[in-house]
Every structure is written in C-alpha cells, then in structure tokens.
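Residue numbers (this note's numbering), protein chains in the order written: chain R, 597 to 874; chain L, 12 to 257; chain P, 567 to 832; chain C, 32 to 280.
For the record, the hints were derived by calculation from the structure and aren't laboratory data. These numbers come from a predicted model, not from an experiment. Incorrect hints may have been included.
[Said to hold, decoys possible] Here are the in silico distance ranges between beta carbons for each label pair: (1) P/Val680 / R/Ile666: 21 to 31 Å; (2) P/Arg644 / R/Leu632: 36 to 46 Å; (3) R/Val867 / C/Gly166: 51 to 61 Å; (4) C/Gly166 / L/Glu245: 25 to 35 Å.
[Claimed, not checked] Here are the computed lysine to aspartate or glutamate pairs in the EDC-like style, where the Cα-Cα straight-line distance is at most 20 Å: (5) R/Lys603 / C/Asp36; (6) L/Lys138 / L/Glu192; (7) C/Lys87 / P/Glu729; (8) R/Lys620 / C/Asp45; (9) L/Lys177 / C/Glu205; (10) P/Lys830 / C/Asp249; (11) C/Lys138 / P/Asp744; (12) C/Lys113 / L/Glu93; (13) R/Lys804 / P/Glu679; (14) R/Lys603 / C/Asp48; (15) R/Lys869 / L/Glu143; (16) P/Lys609 / R/Glu743; (17) C/Lys245 / R/Glu602; (18) L/Lys255 / C/Glu139; (19) P/Lys583 / R/Asp712; (20) C/Lys46 / R/Glu612; (21) C/Lys87 / R/Glu612; (22) L/Lys255 / C/Asp36; (23) P/Lys830 / C/Asp54; (24) R/Lys603 / C/Asp54; (25) C/Lys243 / R/Asp712; (26) R/Lys869 / L/Glu242; (27) R/Lys618 / C/Asp48; (28) P/Lys668 / R/Glu612; (29) R/Lys603 / C/Asp50; (30) R/Lys620 / P/Asp744; (31) C/Lys87 / R/Glu602; (32) R/Lys620 / C/Asp48; (33) L/Lys246 / C/Asp45; (34) P/Lys736 / C/Asp54; (35) P/Lys668 / C/Glu263; (36) P/Lys830 / C/Glu239; (37) R/Lys614 / C/Asp45; (38) L/Lys177 / C/Glu34.
Backbone N, C-alpha and C define an ideal beta-carbon position, used for all residues, glycine too.
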Amino acid sequence: MEMDYEKIRAEARTAEIKAIQKQKIKYLSISVIVILAVLLVWQLAVQFELVSTRFFDSPIAVIQRIIEKISSKKPDGGLLHQHIWASAKVVWFGFLLAAVIGIPLGLFMGWYHLCDRIIRPLFEIIRPIPSLAWIPIVILLLGIGVEARSVIIFTGCFVATVLNTYTGIRSTNQTLINVAKTCGASNFQTFVKIGIPSAMPMIFAGLKTSMGSAWGTIVAAEMLASSNGLGYMIQMGRSFGEVSLIMAGIIVIGILGFISSGLVSLVESVVLKWRPKK
Amino acid sequence: MSDYKVEVRDLCKNFGSLEVLKNCNFNIKRGEFICVVGPTGCGKTTFLNTLTCLIPPTSGEILIDGEKADPKKHNLSFVFQEPSAMPWLTVEENIAFGMELKHWPKDKIKTQTEKILELMGLTKCRKQYPHELSVSTEQKVVIGRAFAMEPDLLLMDEPYGQMDIKTRFYLEDEVIRLWKELGSTVLFITHNVEEACYLADRVLILSNKPACVKEDLTLEMPRPRDIAAPEFIEKRVHVENAIKWW
Amino acid sequence: MKLKTNPLLEDHGPVYKFFYYAGPVMLIAAFLLLWNSVSAAGKVMLPSPLEALERMITIWSGNVAKHPMIYHVGISMRRVLTALVFSVVVGVPFGIAMGWNKTFRAVFKPLFEVIRPVPPIAWVPLFTLWFGTNEFSRVAIITMGVFMPIVINSYSGVIMVPEINFQVGKVFGAKSTDMLFDVVLPSSLNAIFAGIRTALGGGWMVLLASEMLGAREGIGFLIMQGSSANDLTLSIVGMVMIGFFGALFAYGFDFLERWLCPWKRK
Amino acid sequence: MLEVDHVAKTFFSDKGDTDAIEDISIDVRENEFLVLLGPGQCGKSTFLNIIAGLVKPTSGTIKLDGRAISGTDQRIAMVFQKTGVYEWKTAMENVEIGLKYRGVAKKERREIAQKYLDLVGLHGFENAYPHALSGGMKQRVGIARAYTANPEILLMDEPFGALDAQTRYAMEEEILRIWEAEKRTIIFVTNNIEEAVTLGDRVIQFTERPAKVKKVYDLSSLERPRSQVSPEFLRIRQEIAANEELTLE
Numbered sequence: 597m598e599m600d601y602e603k604i605r606a607e608a609r610t611a612e613i614k615a616i617q618k619q620k621i622k623y624l625s626i627s628v629i630v631i632l633a634v635l636l637v638w639q640l641a642v643q644f645e646l647v648s649t650r651f652f653d654s655p656i657a658v659i660q661r662i663i664e665k666i667s668s669k670k671p672d673g674g675l676l677h678q679h680i681w682a683s684a685k686v687v688w689f690g691f692l693l694a695a696v697i698g699i700p701l702g703l704f705m706g707w708y709h710l711c712d713r714i715i716r717p718l719f720e721i722i723r724p725i726p727s728l729a730w731i732p733i734v735i736l737l738l739g740i741g742v743e744a745r746s747v748i749i750f751t752g753c754f755v756a757t758v759l760n761t762y763t764g765i766r767s768t769n770q771t772l773i774n775v776a777k778t779c780g781a782s783n784f785q786t787f788v789k790i791g792i793p794s795a796m797p798m799i800f801a802g803l804k805t806s807m808g809s810a811w812g813t814i815v816a817a818e819m820l821a822s823s824n825g826l827g828y829m830i831q832m833g834r835s836f837g838e839v840s841l842i843m844a845g846i847i848v849i850g851i852l853g854f855i856s857s858g859l860v861s862l863v864e865s866v867v868l869k870w871r872p873k874k
Numbered sequence: 012m013s014d015y016k017v018e019v020r021d022l023c024k025n026f027g028s029l030e031v032l033k034n035c036n037f038n039i040k041r042g043e044f045i046c047v048v049g050p051t052g053c054g055k056t057t058f059l060n061t062l063t064c065l066i067p068p069t070s071g072e073i074l075i076d077g078e079k080a081d082p083k084k085h086n087l088s089f090v091f092q093e094p095s096a097m098p099w100l101t102v103e104e105n106i107a108f109g110m111e112l113k114h115w116p117k118d119k120i121k122t123q124t125e126k127i128l129e130l131m132g133l134t135k136c137r138k139q140y141p142h143e144l145s146v147s148t149e150q151k152v153v154i155g156r157a158f159a160m161e162p163d164l165l166l167m168d169e170p171y172g173q174m175d176i177k178t179r180f181y182l183e184d185e186v187i188r189l190w191k192e193l194g195s196t197v198l199f200i201t202h203n204v205e206e207a208c209y210l211a212d213r214v215l216i217l218s219n220k221p222a223c224v225k226e227d228l229t230l231e232m233p234r235p236r237d238i239a240a241p242e243f244i245e246k247r248v249h250v251e252n253a254i255k256w257w
Numbered sequence: 567m568k569l570k571t572n573p574l575l576e577d578h579g580p581v582y583k584f585f586y587y588a589g590p591v592m593l594i595a596a597f598l599l600l601w602n603s604v605s606a607a608g609k610v611m612l613p614s615p616l617e618a619l620e621r622m623i624t625i626w627s628g629n630v631a632k633h634p635m636i637y638h639v640g641i642s643m644r645r646v647l648t649a650l651v652f653s654v655v656v657g658v659p660f661g662i663a664m665g666w667n668k669t670f671r672a673v674f675k676p677l678f679e680v681i682r683p684v685p686p687i688a689w690v691p692l693f694t695l696w697f698g699t700n701e702f703s704r705v706a707i708i709t710m711g712v713f714m715p716i717v718i719n720s721y722s723g724v725i726m727v728p729e730i731n732f733q734v735g736k737v738f739g740a741k742s743t744d745m746l747f748d749v750v751l752p753s754s755l756n757a758i759f760a761g762i763r764t765a766l767g768g769g770w771m772v773l774l775a776s777e778m779l780g781a782r783e784g785i786g787f788l789i790m791q792g793s794s795a796n797d798l799t800l801s802i803v804g805m806v807m808i809g810f811f812g813a814l815f816a817y818g819f820d821f822l823e824r825w826l827c828p829w830k831r832k
Numbered sequence: 032m033l034e035v036d037h038v039a040k041t042f043f044s045d046k047g048d049t050d051a052i053e054d055i056s057i058d059v060r061e062n063e064f065l066v067l068l069g070p071g072q073c074g075k076s077t078f079l080n081i082i083a084g085l086v087k088p089t090s091g092t093i094k095l096d097g098r099a100i101s102g103t104d105q106r107i108a109m110v111f112q113k114t115g116v117y118e119w120k121t122a123m124e125n126v127e128i129g130l131k132y133r134g135v136a137k138k139e140r141r142e143i144a145q146k147y148l149d150l151v152g153l154h155g156f157e158n159a160y161p162h163a164l165s166g167g168m169k170q171r172v173g174i175a176r177a178y179t180a181n182p183e184i185l186l187m188d189e190p191f192g193a194l195d196a197q198t199r200y201a202m203e204e205e206i207l208r209i210w211e212a213e214k215r216t217i218i219f220v221t222n223n224i225e226e227a228v229t230l231g232d233r234v235i236q237f238t239e240r241p242a243k244v245k246k247v248y249d250l251s252s253l254e255r256p257r258s259q260v261s262p263e264f265l266r267i268r269q270e271i272a273a274n275e276e277l278t279l280e
C-alpha cells in the first residue's frame, strides 16, 4: 500500500499550527478577561456602594481625578506635572549620583584587592542601613530641600549599584584576563579593556534594581519631609481623606517607575548591543 | 645570539607540597611547529600558564631569543581551549585587540587586520559579534587574533577539542597554512594524538604528574600528511602507547 | 606547624602590606574623625561619636518612649518576621503554582505585572486608611513589600528550570507530584532564596516607612522620634540597630540556605 | 523491535517555523548498537527525544514490539548530555530515580542501583554529589541510572560530547564493556565520526537540517575490539567524513 506522506505531513502541520494558536488565544483571553473582571467588579462595587466610598473610589473616578489634577491645584497646592517634575528630578539626581560614584567604586573594589580590603569594613557597616533611616541625619545636615532628598535616594541606590558592579567585575572570565595578560597588558590595561566591559551587564542589572528602589524611597521621603512631589500629594490625599487622590498618586508612580526602568533598559540595549538577544 | 627561539631550562612548579612540573627541558627552533601531548590531568594547564608567564615558575627559566621571557617585552600569544573572543568586540576589533595592546601604529594594525581577515576568509563577518558566529568560526577569530600579533611564540591549548573530524581537519589545514605564510613559532597542545602527528615538526610527550618531557620525537614526513600512511600510523601508535592510560 | 603565608601578599612590597593591614582601620578612623569634627564645629546639633556611644549605653539601660529599647527592637522584628513567614508560606507555593500551571499563570500574572511597578511604600497611606494604624495594618503593608519579590522569584525559578531536568523526570516515569517535589522545587530553590533575600532588604525599608509614619513603638519610630525631638543620638541608635539586625538576618538566611542545600557545599 | 515510521517534526514559533526532521523511517534490531550521526544542530537530538516520547512528532509513528507508543515508556531509558544528572541528588539517589518513581521499595531499589553503580565503576562514590564528580564520572552516573530502570532500549544523546579526547576514548571502551556485559539495544547519537565508527554495529548518517537519512553504514564486518588505526577503520572513517558536509557557519 503506497501512502502519500507528503499530504499526511502537510495535514499534520496545519492541524498542529491550529492547535498552537488555539492555546495561545485561550490563555490570552483568560488574562484579558481577568483584568477586565477585576476592573468591573471594582467599578460596580463602588457604584452600588457595596464598599464605603470613604475607603474606595471607582476606577473611572480615579482616572477622572488624574485628568483633573493636570489643571487643578486642589487640595495639595500643586499641579500633577509639578509634582511629577519635583519627584522625578530628585529620583534621577540621586540615581545618577549613585551611578557616578558607585560604579567606579564597585569596579575598583572588585578589581583591586587592596581597595576592597580597605573600603569593605566601612561599606559593610553602611550596607544594611535602609535609606529611610538616613532621613534624620540628612535633614539635620542638609535641611529638607531637593539636595536632602537626593542624598536619601542616593544612599539607597548607592549600595545596590556598588554591590552589582562588584559582583559583575568579580565574575570576569579568567580566560579573557589571561588573553590580555599574555598580550602583555598591564594590570590597569586589563582592568580597562577586559574588566569593565565584562562588568557591564551586571552594572545595568544594578542600575535597574536601584531605579526600582529609588521610586519607593522618594515616596516615603516626600511623605515625611517635603512640601511637593507625588509622595506629598498622596500624603495630602490621606490627610484630606480623598481616596481618589491617593489612588491616582499610586497609579502615576507606578507608571513613572515603569517608564524609568524602561529608560534604563533602553540605554542598556544600546550600550550592550554585543549581547545575544534572548 | 642563541640558535633557539625558545629555551626552557629545568622548569619546575610546585603548589605547596604538590609537584606539578619537574625539570622540564626543551628548545624550540625559529619557525618550528611543536605539538605537546600528555595524559589527561598531567599538569598541562600549569605547563602552559608557566610558559606564558601567567604564573611564575618555582625554579628554572624560560628564555626567548636568549633573554628571560617577559610578556611585556616579547610577543607571546595564546589560543585558549574555551572560546575566548571578547564578546563585546566585533570580529575585526577582536583581531586588532592584541596589536592595540602592543601599541602598534594605526595604519599597520589596519593592514595587518585586513590581511588576516582575508587569509582566514572572515571578511564577510567582520562587523559581527562573537555570539552571532558558530563556535568554529569564533575559534578562527581567536586564532586570527593570535597570529596577527606576529608572536615570537604562539601557544595553542587544544583549540579544536570539541570539534568534529571534518571541521577539525579543515581548521588544522588552515593553521598550517597560516603558520607557513607568517613563519611563526608554534607550540600546540592537544589530547588527540592523531592531530599531534598530523601537525607537528616535533612532538613533545609529557609524563604523568609531576610532568616532565618524557620523549622528544621528530616527525619528518612531507606535508600534507596522509593519516592512513603506514609511517604515520606507526608514529601515531608509538605516541599513543607512550601516554595511554585508558 | 607551618606558618601559612597569604598568597595575596606574596608579590607585593612593604607599602602594599602596610596598607593591607592598616588601611581598613585608617579609613574607619578617618570616618570617625570627620564625624567628630563636624559635631565639634557646632553648626549642627550632631553628637560626637563618643557622646553617641555614651548615650547608646544609657538608652539601652533605660526606657525610650515608655518602653525599654529591647521592646522596640523586638516589636520591629516581630512585624518583619510575621510578614516574612506569611509571605514565604503563601508566596512560594503561589509563585510555583504560577510557573507550573498555565491557567493559574494566565489568571494571576497580569495582575502581578500591573501591581509590580508600584513601590510598596506607596501603599502605606491607603492601608492606614483601610485598616487604621494598628498592628494588622503595618504587617499587611510589610507583607505587600515582601510578598511580591518572593512570588516573582519563585515563579521565575520554576520558569527557568532547564528543560532537560523535566525530560529526565519524564523519561524515568516521574508523576506530577514527583516532578514537583523532586525536580521543580530543588531546581528553583536558588531563585527562591534569592527572592527571600531581596524581600528582606525591601521588608526593612517598608517597616521603617510604616513605623516612621505614625507609630508609637518600633525602630522606625525611634529614628523619627530622634529627629523630631532633636535627639539625633536616638536616630543613630536606631540606624545601628536596623543595620545590625538586617545584617544578622542576611547571614542567618545564608546559613539556612547552606543547611537546606547540602549539594552546594564544597 | 523498534520501528520508526515516517516521522517528521516541525517546530512552530513566533519567529517562524523550523523543519527539524523531514521524513525518517528506521528499523532498530534487538541488542543492536545503533549510532545516529549528524552534524551540529541537525535535528538528531530531536529525533532521539521523539523516540523517548519527550517530543511529539508532527506526523509519523513509533512502534515498539509491534505496538504504537506515544509518550514516554518504561521500556525506554535515556542517557542525557552532561547536564542530565540532578545536582541536588547524590550518585545513588540519581541512579535509583527510575525505580523510585515506579514505586519500588527503597531497600530493593538500592540493591539494584548498587549493582549498576558497581558495574560502571563508581563503587565508593554512592554518596557523592555531582559537583564533586568529574565529567566522566557524571556520565557514568547517567549510564548507571539508565540501566537501573531496566529498559529494553537505551537512548544516548551525545553523552561524551563535553569530555576531552582521552577521557572520551576511555568512556567509549567503558560503554562497550558494559554493553557486552548487559546486552541491550542502544541508540547512540553523536556528531563525532570516529566515535560512531568505534561504537556502532550500524551507523545512520543524517543530513543537515531538516534531517533525513543520508546513508546507512553496516559495520558488522568490522571486528570488535576495534582498532582506531586499522586501515579498515580509517577507510570507513574517511568515507563517512567525505559524505559529511563541512559546516562552519
């Protein structure tokens, strides 16, 4: 019996493609339905006052609130973009300061053993102190201005940046170091030509972590010691009992955090274009 | 001036009380192709690292052109077993890497890079990064980088270890071609006896740990060699028996 | 007995050796000197290191805000630990389920992705609004910060189990439960522990934030109290405490991990 | 005993479809040492995974003892590439998993596992974790594990690919010794021509992706133990190499 295997194969292929697509659509629709359902339940629960409106506001109201905040200063005395600018400025300043100081420090500590040995004890003392704990000292020394908040952000970003940079340069492939050495490179040349590029992926991992923590820190710092910024806005929402303002603040911060780490990833993909794509 | 390009005298290396190298003695003539074979775990890596001055010997000395070997002064070049192209450099940047470290003049680097790219047929992928290449092509880049520096001594540590026969034969012929073209002095380490007999002017056979040069075998067979010729097989079996542990 | 030489020092001169031993001490001394001179200059109310040390001892032996020091430390520890234990007990299985079951993942992954970019501290006002400023509210906020990294790491741990580990299991006839406990769990233990460690770091932050924003006890309260009562030593004591216990916890977890993963011991 | 009938496999992904196997039919004989030889990523591992039941073929069937099988089967065990040994289990625990998952009592399965650990020469390493074992020893664990599951067919997926040339020779001799001691059907995948000629009763050469059978070599005339420098050995090796395409890219 002669069978037409060409045809059987072609049929099997189409069947398999169909099955795969069906699966994909199934899981995608589950995800979409869940998100929509959550929003809907939330909206209806508020609309029919199943939950107290003192504690919740509906998604539509929150979005309205965000739009309203663009042109209204009430009740916290600032427009949305002013708050965003105030927070973002501090976050980026502290973040970049930590990068400028932390990356070289991590590199030197990772490469030069003496440097590691000297700095490590002091670093280990500072390392486990969360950035918020620095607030009293920073306020005392620098007041409650932009610089003070930037320094608080800095303390949080700094540790993550140093640690990741350190791990990165420490994991430099020994073979690549040997290549440079046999080519007659000095220790410093090897550091620049091999160590630093090898550490790059981990440096960016560290920057992403520190960017994430920076947005958390800024909210707390602004709640505690500031008269503007998104954290302040949320805190005011709390004081005036306006739930929609709190929720609006949370959402805006989430979006900003997302954009910021997206920016870091963007820089990463440009700088590290030599890395294999996943 | 000495007759030999490289002279190794009474080379010893101990790690604590563990003797790894013991009285290694051999010479390499200018432009010679030497293969080193030895049983697995015989201290091969230490042997190489000592030769390239990555670790200092416990006693004994390595002379290049009659002077003590120094990677800053002499041109030593190393092809490692694992792929060692810099992942962040393109193919042409990788080839120029060693020359730049040696501060060659810019135009000389450029012409030399072109020459090597041409010789190895890598012109097509000159702008590519290593992760975009196959393992064998990456190894070609590394070999090109090593030859480009016109080294006094080129050390190759089993560069074709994991490759299949066909690719290996091809790359072996390639290395012979480069060697002839550029007149380098090559020390090639391998686990594969057939490969050693195919490539070498002379084969150095290492003993078990602590390693020393057990036998220095000159192979006078015309190239390209026929791996099925009785003379070739005789030499191959001879070397194999000298190191066989399995 | 043979004297062991330090291989890192072998090829270096006396200057290097001097800094190798004296350097760390000198840097710490320089730090203390700087601190001392700032406080001596008198422009700000910074206590000198010596004064701080003295006060530290008196603080430990007396009461702060109606309670002994150990009470404040203890209550902070309790909050973090409660949140952590809850998050591990619930979060690890949750994360594993998300990696293991596609439907479960399709349901919960998008929700997590939406919540993830919001820093946990941002929830503090909302939670205090919902639950008041009681113990439950605080632990809930800390849980918010700790839960997320634990779930995400457990999930990605399962996702990144090499395909070959599953294949081995299948070929040798592993049932679902075998696969889960014998393959998936040990393979992703590394990632789970990494998650717990990240979570702990974040947990201290949220703890401080929640205690600094209107609490009557706890380390965060002490730090804030020091600031508002112009008693900076108290803040410094708080910093030292949280740093010390933070480090202690981190070491504890390293130890626990080594104990749980005997195959990693050298 | 094992029949592979017109198996084809296509992988579908967002980036596009890849035909891994075009159309392969093979009959495997009882207690035969069958080597599947092919270049780099030619789909030979996929083919082995299909036989093992780990990958579902797009079309075609696998028959064992005349009955079609789908999914994994007790009668088929596999030796994986170097990463196949569970690093969180000792050598003994690794070897016994086949019996453990089948519900064999601990005492009994330990006995069987011990027998095969001894056979592969790992006596005394029962309680060692894989990180303490050399590459060759890890592969021995893999072989013992496959044997302990007591299969009719052993599949081996480039088990010696990561070993150095000499250790590889040693392991080749080892696997032949074990095979002589406990005859099973072995299907061995490799990209190494020398290894194929050393081991196989038959060598099936695959083409580049998508894989097809290019040529079948019957080596039963080549006497065991084989010498890698005999003229006949070198001739066959040369012949196979000449049929292989050179793949650099």
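How the hints compare with the structure:
Look at valine 680 of chain P against isoleucine 666 of chain R: about 22 Å separates their beta carbons, and that is inside 21 to 31 Å. Checking the proposed 36 to 46 Å range against arginine 644 of chain P and leucine 632 of chain R shows it holds: the Cβ atoms sit about 40 Å from each other. Roughly 36 Å separates the CB atoms of valine 867 of chain R and glycine 166 of chain C, a value that falls outside the hinted 51 to 61 Å. Judged by the Cβ atoms, the range 25 to 35 Å given for glycine 166 of chain C and glutamate 245 of chain L holds: they are separated by roughly 32 Å.
A hinted pair counts as satisfied when its Cα atoms are at most 20 Å apart, and lysine 603 of chain R with aspartate 36 of chain C qualifies at roughly 15 Å. Between the alpha carbons of lysine 138 of chain L and glutamate 192 of chain L the distance comes to roughly 25 Å, so the proposed pair goes past 20 Å and is violated. With a C-alpha separation of about 15 Å, the suggested pairing of lysine 87 of chain C with glutamate 729 of chain P holds against the 20 Å cut-off. The straight-line distance between the Cα atoms of lysine 620 of chain R and aspartate 45 of chain C is roughly 11 Å, inside the 20 Å bound, and the hint therefore holds.
Our distance criterion of 20 Å between C-alpha atoms is broken by lysine 177 of chain L and glutamate 205 of chain C, whose separation comes to about 25 Å. Between lysine 830 of chain P and aspartate 249 of chain C the alpha-carbon distance is near 46 Å, which puts this suggested pair outside the 20 Å criterion. The hinted pair formed by lysine 138 of chain C and aspartate 744 of chain P meets the criterion: a straight-line CA distance of about 19 Å does not exceed 20 Å. At most 20 Å may separate the alpha-carbon atoms for a hinted pair to count; lysine 113 of chain C and glutamate 93 of chain L meet this at roughly 17 Å.
Only pairs whose Cα atoms come within 20 Å are accepted, and lysine 804 of chain R paired with glutamate 679 of chain P is accepted, the gap being roughly 16 Å. Among the hinted pairs, lysine 603 of chain R with aspartate 48 of chain C is consistent with the structure: their alpha-carbon atoms are about 18 Å apart, no more than 20 Å. This hinted pair checks out: lysine 869 of chain R and glutamate 143 of chain L have alpha carbons roughly 12 Å apart, not beyond 20 Å. Of the pairs offered as hints, the one joining lysine 609 of chain P and glutamate 743 of chain R holds, with about 18 Å between alpha carbons and a cut-off of 20 Å not exceeded.
Annotation: proposed proximity of lysine 245 of chain C to glutamate 602 of chain R holds, straight-line Cα distance about 19 Å (limit 20 Å). A C-alpha spacing of about 39 Å is found between lysine 255 of chain L and glutamate 139 of chain C, which places the hinted pair above 20 Å, so the restraint is violated. Using a Cα cut-off of 20 Å, the hinted pair lysine 583 of chain P and aspartate 712 of chain R holds, with the two alpha carbons roughly 14 Å apart. Distance restraint check for lysine 46 of chain C and glutamate 612 of chain R: the Cα-Cα separation of roughly 16 Å lies within the 20 Å cut-off, and the hinted pair is therefore satisfied.
Restraint check for lysine 87 of chain C and glutamate 612 of chain R: the C-alpha separation of about 10 Å stays at or below 20 Å, so the hint holds. Between the alpha carbons of lysine 255 of chain L and aspartate 36 of chain C the distance comes to roughly 43 Å, so the proposed pair goes past 20 Å and is violated. Restraint check: the Cα-Cα separation between lysine 830 of chain P and aspartate 54 of chain C comes to about 44 Å, which exceeds 20 Å; the hinted pair is violated. Between the alpha carbons of lysine 603 of chain R and aspartate 54 of chain C the distance comes to roughly 12 Å, so the proposed pair stays at or under 20 Å and holds.
For the hint linking lysine 243 of chain C to aspartate 712 of chain R, the alpha-carbon distance of about 58 Å lies beyond 20 Å, and the restraint is violated. A C-alpha spacing of about 52 Å is found between lysine 869 of chain R and glutamate 242 of chain L, which places the hinted pair above 20 Å, so the restraint is violated. Only pairs whose Cα atoms come within 20 Å are accepted, and lysine 618 of chain R paired with aspartate 48 of chain C is accepted, the gap being roughly 17 Å. For the hint pairing lysine 668 of chain P with glutamate 612 of chain R, the CA-to-CA distance comes to about 19 Å; that is within 20 Å, so the pair holds.
Our distance criterion of 20 Å between C-alpha atoms is met by lysine 603 of chain R and aspartate 50 of chain C, whose separation comes to about 16 Å. The straight-line distance between the Cα atoms of lysine 620 of chain R and aspartate 744 of chain P is roughly 28 Å, outside the 20 Å bound, and the hint therefore fails. For the proposed pair lysine 87 of chain C and glutamate 602 of chain R, the alpha carbon gap of about 18 Å is at most 20 Å, so the pair holds. For the hint linking lysine 620 of chain R to aspartate 48 of chain C, the alpha-carbon distance of about 16 Å falls within 20 Å, and the restraint holds.
Among the hinted pairs, lysine 246 of chain L with aspartate 45 of chain C is inconsistent with the structure: their alpha-carbon atoms are about 54 Å apart, more than 20 Å. Between the alpha carbons of lysine 736 of chain P and aspartate 54 of chain C the distance comes to roughly 25 Å, so the proposed pair goes past 20 Å and is violated. A distance of roughly 55 Å separates the Cα atoms of lysine 668 of chain P and glutamate 263 of chain C; the hinted pair therefore is violated under the 20 Å criterion. Only pairs whose Cα atoms come within 20 Å are accepted, and lysine 830 of chain P paired with glutamate 239 of chain C is rejected, the gap being roughly 40 Å.
With a C-alpha separation of about 14 Å, the suggested pair lysine 614 of chain R and aspartate 45 of chain C falls inside the 20 Å cut-off, and the hint holds. Our distance criterion of 20 Å between C-alpha atoms is broken by lysine 177 of chain L and glutamate 34 of chain C, whose separation comes to about 31 Å.
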